[in-house]
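Fit chain B to the known structure of chain A by using the hints.
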Amino acid sequence: MKKYAYYPGCSLESLAKGYHLSAMAVTKEFGLELNEIKDWNCCGSTAYFPVDELLAYTLVSRNLALAEKMGASDFVAPCSACYKNAYFTNSYLQSDTDLADHINYALEEDQLHVDGSLKVRHLIELFIEDVKLEEVEKKATHPLKGLRVAPYYGCQLVRPRKAKEDVENPRYFENLLSAIGAEPIEYANKTRCCGGSLIITNRKAALSMVQILLQDAVIHGADVIATTCPMCDVNLEVYQEQVNREFGTHYSVPVMYFTQLMGLALGIDPGRLGVGKSELASLQAKAVAQPAESQ
Amino acid sequence: MVADLSFSQEITNLMYASHGEPISHCLQCGTCSGTCPAVEFMDHSPRALIGMIRADLKEEVLASNTYWSCASCFYCNARCPAGIDIAEMMYALKRYSMWKGRSREGLIGPDFSEAFVKMIVNSGRSFEPLLAATYLPKFSAAAIIQEGLTATGLVLSGKMPLLPKKIKGLKNFRRMVRRIIPIGEPE
Chain A
1 MKKYAYYPGC SLESLAKGYH LSAMAVTKEF GLELNEIKDW NCCGSTAYFP VDELLAYTLV
61 SRNLALAEKM GASDFVAPCS ACYKNAYFTN SYLQSDTDLA DHINYALEED QLHVDGSLKV
121 RHLIELFIED VKLEEVEKKA THPLKGLRVA PYYGCQLVRP RKAKEDVENP RYFENLLSAI
181 GAEPIEYANK TRCCGGSLII TNRKAALSMV QILLQDAVIH GADVIATTCP MCDVNLEVYQ
241 EQVNREFGTH YSVPVMYFTQ LMGLALGIDP GRLGVGKSEL ASLQAKAVAQ PAESQ
Chain B
1 MVADLSFSQE ITNLMYASHG EPISHCLQCG TCSGTCPAVE FMDHSPRALI GMIRADLKEE
61 VLASNTYWSC ASCFYCNARC PAGIDIAEMM YALKRYSMWK GRSREGLIGP DFSEAFVKMI
121 VNSGRSFEPL LAATYLPKFS AAAIIQEGLT ATGLVLSGKM PLLPKKIKGL KNFRRMVRRI
181 IPIGEPE
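Note that the protein sequences, when read in sequence, are chains A and B. For the first sequence, this note's numbering gives the first residue as 1, with consecutive numbering after it. For the second sequence, this note's numbering gives the first residue as 1, with consecutive numbering after it.
Chain A with its partners taken away, still in its complex shape (with noise of 0.2 Å):
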């Protein structure tokens, strides 16, 4: 069973505790191990570059710092936010000698000390790099047959270029669909931004970029949305009727986790996953072969 340093992010303890739910059901399917970090703090999303740079990365390098102490060698963040900043840290820690040396003096006040050796991952990669969609395939006893999908990218999963993969039209969240039995929807708008923090600094922009995303996935046929970060599941999802009743439109697609949708077609209990009542009688509705019941 290959072990990972799971780092959940706060999000994940409040508004997105499906996710966490899911993604934990989910991965001990597949044998893989997600073993938490033990009081990590939170990653500082968009909101700690603003102020100060250093700090920001001090913030996010504890985490890693702890990640290392526990001897894992790979660092798993289902956030995509959360993802970007671990990754970009951790590697700037290996290129940047000087900016490491800095947060090693401050870590020394909590008796740690960084090296930048971990791999950083998505959770979303481990299904496709380590699980592998074969082994998707054969496990997804309930595939979900007929359920149009829009797989929801969003930014800082795919941006800014991590090496030479495709950030134009990346194909893997389409593929992992397919796995599980689902029919993945083409649409132009899958890595444009939810609005991120400005749902909350800019009401009136967010709300009109998650209008686009909705109308986008809407008109090519989907009968649901599926995010892989806490950050674009709260604002396709909670405020939808916000976008209603500001564009006077009348969108009502359930917004889940890929985790949940992978759970039910691995056959798992609704429950289990975090997955709603009304969400799954919407799924019910729409997909030919249907998904578990909830016990």
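Just so you know, the hints here were simulated from the structure itself, not pulled from any lab data. Keep in mind it's a predicted model, so treat the numbers as computed, not measured. There is no bait here: all hints are sound.
DSSO-like mimics (lysine-lysine), calculated; alpha carbons at most 27 Å apart, straight line:
no.: 1; chain 1: A; residue 1: Lys69; chain 2: B; residue 2: Lys168
no.: 2; chain 1: B; residue 1: Lys165; chain 2: A; residue 2: Lys69
no.: 3; chain 1: B; residue 1: Lys168; chain 2: A; residue 2: Lys17
no.: 4; chain 1: A; residue 1: Lys28; chain 2: A; residue 2: Lys139
no.: 5; chain 1: A; residue 1: Lys28; chain 2: A; residue 2: Lys138
no.: 6; chain 1: A; residue 1: Lys204; chain 2: B; residue 2: Lys159
no.: 7; chain 1: A; residue 1: Lys3; chain 2: A; residue 2: Lys119
no.: 8; chain 1: B; residue 1: Lys118; chain 2: A; residue 2: Lys17
no.: 9; chain 1: A; residue 1: Lys28; chain 2: A; residue 2: Lys17
no.: 10; chain 1: B; residue 1: Lys159; chain 2: A; residue 2: Lys277
no.: 11; chain 1: B; residue 1: Lys118; chain 2: B; residue 2: Lys165
no.: 12; chain 1: A; residue 1: Lys38; chain 2: A; residue 2: Lys2
no.: 13; chain 1: A; residue 1: Lys132; chain 2: A; residue 2: Lys145
no.: 14; chain 1: B; residue 1: Lys171; chain 2: A; residue 2: Lys69
no.: 15; chain 1: B; residue 1: Lys138; chain 2: A; residue 2: Lys204
no.: 16; chain 1: B; residue 1: Lys166; chain 2: A; residue 2: Lys69
no.: 17; chain 1: B; residue 1: Lys159; chain 2: A; residue 2: Lys38
no.: 18; chain 1: A; residue 1: Lys17; chain 2: B; residue 2: Lys166
no.: 19; chain 1: A; residue 1: Lys17; chain 2: B; residue 2: Lys159
no.: 20; chain 1: A; residue 1: Lys38; chain 2: A; residue 2: Lys119
no.: 21; chain 1: B; residue 1: Lys118; chain 2: B; residue 2: Lys138
no.: 22; chain 1: B; residue 1: Lys138; chain 2: B; residue 2: Lys159
no.: 23; chain 1: B; residue 1: Lys159; chain 2: A; residue 2: Lys28
no.: 24; chain 1: B; residue 1: Lys118; chain 2: A; residue 2: Lys204
no.: 25; chain 1: A; residue 1: Lys119; chain 2: A; residue 2: Lys2
no.: 26; chain 1: A; residue 1: Lys28; chain 2: A; residue 2: Lys119
no.: 27; chain 1: B; residue 1: Lys168; chain 2: A; residue 2: Lys38
no.: 28; chain 1: A; residue 1: Lys38; chain 2: B; residue 2: Lys171
no.: 29; chain 1: A; residue 1: Lys38; chain 2: B; residue 2: Lys118
no.: 30; chain 1: A; residue 1: Lys38; chain 2: B; residue 2: Lys166
no.: 31; chain 1: A; residue 1: Lys3; chain 2: A; residue 2: Lys28
no.: 32; chain 1: B; residue 1: Lys165; chain 2: A; residue 2: Lys38
no.: 33; chain 1: A; residue 1: Lys3; chain 2: B; residue 2: Lys168
no.: 34; chain 1: A; residue 1: Lys38; chain 2: A; residue 2: Lys3
no.: 35; chain 1: A; residue 1: Lys17; chain 2: B; residue 2: Lys165
no.: 36; chain 1: A; residue 1: Lys132; chain 2: A; residue 2: Lys2
A few chain B residues that don't get close to chain A, going by computed Cβ distances all over 10 Å:
no.: 37; residue: Leu5
no.: 38; residue: Thr12
no.: 39; residue: Gly30
no.: 40; residue: Arg104
Note that the Cβ used here is the ideal one computed from N, Cα and C, for glycine as well.
Relative to the frame of chain A, chain B by itself:
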């Protein structure tokens, strides 16, 4: 005696940690503006803003809402043919305006960022209701009611905790932060 730096030089220096090309490499092609999902809410497009910085139009740049309208989606970075880290430039402008206390009146972004950082250095964790106190006063009455309804729904569905979390090693954590920025005397 420190030499007087031009505004464009100051911003370039603030971007020293950026992993992109200097803004002097900008072609003014407008790919960033055409790509930006928030451009219609900005006073000046990202392309125009880069031109203004290079022309040292400091007052006009600081008075713009453009950099506080950036959602950090990094689309411009991914597509810039000159390889400029434009999102980092927006962060540099945010920092510059915050340090100098020069952000435009009425924006929520600066208060939100400041409150967020204070919250983290005090507890180590994020807690949404604490943040709401910083931005709600700037919302309209109707928007406050909307936000209240949304939050109530989240609390009722168990998605919003009522008590903030704290990390256990808070004392050492705060000592660590103190080595980076001044946050008052140790307790």
